[in-house]
Amino acid sequence: MPTFFNSWLPFIYLYVGGGIFFLAGMILIRRTKAIDMRLKRHRLWWKILILGYFSFAAFHAVLIIAALYW
Amino acid sequence: MEHIRDIGSQLDWIVLIIYMVAMLLFGSYFAKYNKDTSDFFFGGRRFTWWLIAMSIVATGVSSHSFVKYSAMGFKYGFSSSMSYMNDWFFVPFFMFGWLPIIVYSKIRSIPEYFEKRFSPSARFFVTILQLLYLVGYVGIGFLTMGKAILPLMPEYFTIFGVQIHITLMGLIWVTALVVGIYITFGGQTAVIFTDLIQGVMLLFAGILIFFLGVAYVGGWHTFWNLLPASWKLPFAGLIHRRNLIP
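Sequence order for the protein chains is Z and D. Position one of the first sequence corresponds to residue 499 (my numbering), numbered consecutively onward. Position one of the second sequence corresponds to residue 26 (my numbering), numbered consecutively onward.
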């Protein structure tokens with residue numbers, strides 16, 4: 499059975515460590531007004547970006563659970 | 026290392042030759058659409074997004090995907106196929122930072138951007154860096170393609186009484202020549218349309234190989250249970266010590 503270091507730690511590294519970069523990017527594009535939330539298509543992409551982050555995280559979490567317990 | 030040769034049938038060779046000739050003719054056909062540099066580099070900016078997206082996918086998926094990922098997957102498990110999984114974190118920067126600069130400044134290449142932003146010497150330096158990168162990138166594509174085709178080939182063939190030996194470098198040269206010709210004449214339009222065909226083929230073949238492989242080992246249940254848990258994990262372990270890897 500793989501240990502925590504080989505299963506969940508890489509997940510935490512990717513989605514917490516990488517999440518900091520992602521969050522920094524999201525804050526920057528809002529602050530610099532690169533994304534204009536008055537525009538419908540920009541609002542859509544904002545939602546897609548957030549949804550994408552959680553979708554990837556969920557996908558990888560399911561793969562880890564499958565590897566460990568299924 | 027043992028070299029496997031001659032496992033292909035005559036039908037395989039005929040399909041390969043027809044494919045090469047068809048791609049050459051099909052790609053070169055688009056030469057008539059190239060009237061200026063905008064046509065050559067951008068296909069006249071006339072293509073819809075999904076065609077361009079398919080071209081990008083076909084560029085990313087190539088012979089090296091099948092050879093490299095199969096080898097790494099066999100050696101280390103699923104984690105070796107997750108190379109680009111951290112890309113999402115840079116997508117906000119890319120979509121709303123970098124991409125608008127590229128699109129609205131109408132530049133034709135990355136080095137051109139560096140010239141506009143910095144200086145002609147920056148452009149020169151970036152061109153050298155890109156060439157160095159592409160030599161490796163294109164080179165590994167050709168090498169893996171040659172390694173995938175070579176086992177199908179006989180040691181030699183005879184044409185008009187002349188015996189020609191088939192070597193890895195020979196295959197690479199022939200493919201480079203075919204691709205070089207249709208890209209030179211057909212430009213980006215040829216790349217997009219040949220990519221469309223090849224992209225569909227590569228994705229279809231990739232999915233088909235996966236299912237055939239799973240069926241070959243006895244179905245999904247057998248396949249999944251054959252794998253050690255560490256091979257099923259999507260990420261490589263952060264601490265790689267012998268006693269931690271089962």
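A couple of the hints might just be wrong.
Estimated spans, in silico, between C-beta atoms of each pair [stated by the list, open to error]:
#1 D/34 <-> Z/540: 28 to 38 Å
#2 Z/502 <-> D/126: 39 to 49 Å
#3 D/147 <-> Z/502: 42 to 52 Å
#4 D/235 <-> Z/499: 20 to 30 Å
#5 D/44 <-> Z/549: 14 to 24 Å
#6 D/32 <-> Z/502: 24 to 34 Å
#7 Z/552 <-> D/184: 30 to 40 Å
#8 Z/553 <-> D/126: 42 to 52 Å
#9 Z/502 <-> D/248: 24 to 34 Å
#10 D/137 <-> Z/540: 22 to 32 Å
#11 Z/514 <-> D/235: 46 to 56 Å
Computed cross-link-like contacts, DSS-like style, restricted to lysine-lysine with a CA-CA straight-line distance of at most 25 Å [claimed, not checked]:
#12 D/141 <-> D/131
#13 Z/531 <-> D/131
#14 D/57 <-> D/141
#15 D/141 <-> D/93
#16 Z/531 <-> D/141
#17 D/257 <-> D/100
With the Cβ distance kept under 7 Å, some of the chain Z side facing chain D (calculated, not the full set) [to be verified]:
#18 500
#19 502
#20 503
#21 506
#22 510
#23 516
#24 519
#25 527
#26 549
#27 553
#28 555
#29 556
#30 558
#31 559
#32 561
Because the hints were derived from the structure by calculation, they are not lab data. Quick caveat: nothing in here was measured; it's all calculated off a predicted structure. Built from N, CA and C at the ideal position, the CB exists for glycine as well.
Taking 28 to 38 Å as the hint, is the beta-carbon distance of residue 34 of chain D and residue 540 of chain Z inside that range?
violated (55 Å)
Quickly compare the C-alpha distance for residue 141 of chain D and residue 131 of chain D to 25 Å and report which way the hint goes.
holds (11 Å)
Pairwise beta carbon distance, residue 32 of chain D to residue 502 of chain Z, judged against the given window 24 to 34 Å
violated (45 Å)
Run the distance test for residue 531 of chain Z versus residue 131 of chain D: straight-line Cα separation, threshold 25 Å.
holds (22 Å)
Check whether the Cα positions of residue 141 of chain D and residue 93 of chain D lie no farther apart than 25 Å.
Judged against 25 Å, a Cα distance of about 38 Å means the pair is violated.
Return the status of the interface hint for residue 555 of chain Z: holds when the least beta-carbon distance to chain D is below 7 Å, violated otherwise.
violated (9 Å)
Status of the residue 558 of chain Z interface restraint (C-beta, 7 Å, chain D):
Hint holds; residue 558 of chain Z Cβ to chain D Cβ min 5 Å, cut 7 Å.
At a threshold of 7 Å, is the proposed contact between residue 556 of chain Z and chain D supported by beta-carbon distances?
violated (12 Å)
Range first: 22 to 32 Å. Now tell me if the beta carbons of residue 137 of chain D and residue 540 of chain Z are that far apart.
At roughly 28 Å between Cβ atoms, residue 540 of chain Z and residue 137 of chain D fall inside 22 to 32 Å, so the hint holds.
The hint names residue 527 of chain Z as touching chain D; please verify it with the least Cβ-Cβ distance against 7 Å.
holds (4 Å)
A closest beta-carbon separation below 7 Å is what the hint needs, so does residue 559 of chain Z meet it against chain D?
Violated - the Cβ of residue 559 of chain Z stays beyond 7 Å from chain D, reaching only about 9 Å at its closest.
The hint says 42 to 52 Å between residue 147 of chain D and residue 502 of chain Z; measuring C-beta to C-beta, is that right?
Between residue 147 of chain D and residue 502 of chain Z, where Cβ atoms are some 46 Å apart, the hint holds.
Checked against the numbered hints given earlier, the structure breaks hints 1, 5, 6, 7, 8, 11, 14, 15, 19, 21, 22, 26, 27, 28, 29 and 31 and satisfies all the rest.
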